[in-house]
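Participant: In the order they appear, the protein sequences are chains A and B. Residue 253 is where the first sequence ends in my numbering, and the numbering goes up by one at each step. Residue 385 is where the second sequence ends in my numbering, and the numbering goes up by one at each step.
It should be emphasised that the hints constitute simulated quantities derived from the structure, not laboratory data.
Short derived list, chain A residues pointing at chain B, Cβ under 7 angstroms: (1) Q175; (2) Q190; (3) M240; (4) G245.
Owing to the predicted nature of the structure, the values given are computational and were not obtained by experimental measurement. Ideal Cβ placement from N, Cα and C applies to all residues, glycine included.
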Amino acid sequence: GQQVMQIPQYQHVQEGEDFTTYCNSSTTLSNIQWYKQRPGGHPVFLIQLVKSGEVKKQKRLTFQFGEAKKNSSLHITATQTTDVGTYFCAGKNNAGNMLTFGGGTRLMVKP
Amino acid sequence: SAVISQKPSRDICQRGTSLTIQCQVDSQVTMMFWYRQQPGQSLTLIATANQGSEATYESGFVIDKFPISRPNLTFSTLTVSNMSPEDSSIYLCSGATGVGFQQYFGPGTRLTVT
Chain A
143 GQQVMQIPQY QHVQEGEDFT TYCNSSTTLS NIQWYKQRPG GHPVFLIQLV KSGEVKKQKR
203 LTFQFGEAKK NSSLHITATQ TTDVGTYFCA GKNNAGNMLT FGGGTRLMVK P
Chain B
272 SAVISQKPSR DICQRGTSLT IQCQVDSQVT MMFWYRQQPG QSLTLIATAN QGSEATYESG
332 FVIDKFPISR PNLTFSTLTV SNMSPEDSSI YLCSGATGVG FQQYFGPGTR LTVT
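I would like the entire structure built from these sequences, with the hints used as guidance.
Facilitator: This is the structure in structure tokens:
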């Protein structure tokens, strides 16, 4: 079945440093979605990427979808303490309506 | 975005008993899902809740253990049956809208089985 791998598993950064998490799927995706889960909270939808090579920005967050539609990345510029949480990618393939979630990257920011 | 509510928010149950979790979504939602999340882990899909018919279960999950109902478009229940300590987890309901099926999650039910 489809597998979605995410690295790194954990990342500690100093406030103001940049952060990147990478997501790789074993199969070609129809879209990839990113979610953020704050400690003690539930996953919250951030964005969806659909097109090959697509790049989307949300303030300090930049999301990319690979040309082959099998990998994606999330980059945060100049992290803030409010960025703390676990970032999950989730891939959807062309068959079915379910998402396969990556293992998540837990981001910790030192003030 | 869709609004998803879930109850109870947490419960402590004894081994061998059952707990039913309720999920209510707003009318934008077309699909509903149930997930399990162990602390510090990713989300594992239990099943897709189908309106008026049997849920579609993922590998490793069976109807006898996790019966699911979805009597109408906006409401679903998940029952965790004959619980054991291994069932201690967070159970999340989600609703999907739109062509890309981006999902909106309820606040979760934290279950502890003693």
